[in-house]
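Enquirer: Sequence:
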Amino acid sequence: MNEGELDTGKAVRCLAEAAGSVFAEMAFMDAERADRMSDDGKSVEGMPAPLPADGDELSGDDVVRVALDVLKPLSCRLELDCSARLAAAISDILYGVADAELPDGENTPPAIADRKSDDSLLEMLNVLAGGFLSAYFGPGTPFKLELPFFVFGEPDVIGQTIARVDLNVEGLPAALTLSSIRYRY
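Take the sequence shown: its letter number 125 is residue 124 in numbering that gives the first Met the number 0, and every next letter is one higher.
Worth double-checking, as some hints may not be accurate.
Stated by the list, open to error - Okay, derived cross-link-like pairs now, DMTMM-like style, lysine to aspartate or glutamate, Cα gap no bigger than 25 angstroms in a straight line: (1) Lys71 - Asp118; (2) Lys143 - Glu122; (3) Lys143 - Glu4; (4) Lys143 - Glu24; (5) Lys71 - Asp6; (6) Lys71 - Asp34; (7) Lys71 - Asp29; (8) Lys9 - Asp34; (9) Lys143 - Glu169; (10) Lys143 - Asp34; (11) Lys143 - Glu16; (12) Lys143 - Asp29; (13) Lys71 - Glu169; (14) Lys9 - Glu122; (15) Lys71 - Glu16; (16) Lys9 - Glu24; (17) Lys71 - Asp91; (18) Lys9 - Glu145; (19) Lys9 - Asp61; (20) Lys9 - Asp165; (21) Lys9 - Glu31.
Claimed, not checked - Quick list of simulated restraints, FRET-style, between CB atoms: (22) Lys71 - Ala23: 25 to 33 angstroms; (23) Arg181 - Gly129: 16 to 24 angstroms; (24) Lys143 - Ala83: 29 to 37 angstroms; (25) Phe27 - Pro141: 29 to 37 angstroms; (26) Glu122 - Thr160: 36 to 44 angstroms; (27) Asp61 - Gly139: 16 to 24 angstroms; (28) Gln159 - Gly95: 35 to 43 angstroms; (29) Ala83 - Phe136: 30 to 38 angstroms.
Keep in mind that the hints were calculated from the coordinates and are not lab data. Treat the numbers as computed from the prediction; the structure is a model and nothing was measured. In this text, a Cβ means the ideal position worked out from N, Cα and C, and glycines have one as well.
Let the hints inform the model, and build the full structure from the sequences given.
Expert: Structure representation (structure tokens):
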């Protein structure tokens, strides 16, 4: 896929809309664009500054990265990066830990290994991809997706970045990146 094949501004809008919708409907969290750029990548004067991200940054060992390859109607990769704190919060909400009553004397939720956070982020990315593709190409457009997977270590730069949306999810950072990829069969 070449960058010229997609309208970057439309891709950014569709990614942001899908993120807002999926975070609200699946995790009951508000997700807003955290960048100060317009859809075409130009700086916007007068746009309010993004909310602080509670000291979290999307770098280092504290980042959880999940990715999903789209095979049809175009070849691309969608990646969701978020802080470990956000991943834990999403998992807590999806699996009911946030609302669970803790035994007497306990004031901390279960360890992250017990939260099934892996499944929750992978499923969120799957729904995000469907929302993005439906918004960009229109409802009813057939698409084919690979299974979502974790990206460990430094992210693989396997293609050109087409669109990126930085998000503030209730004070915690996240980012959606759409990259071009080519498959060899």
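Enquirer: Tell me, which hint numbers fail for this structure?
Expert: Numbers 6, 7, 9, 10, 12, 13, 17, 19, 26 and 27 - these are the hints that the structure violates, sorted from lowest upward.
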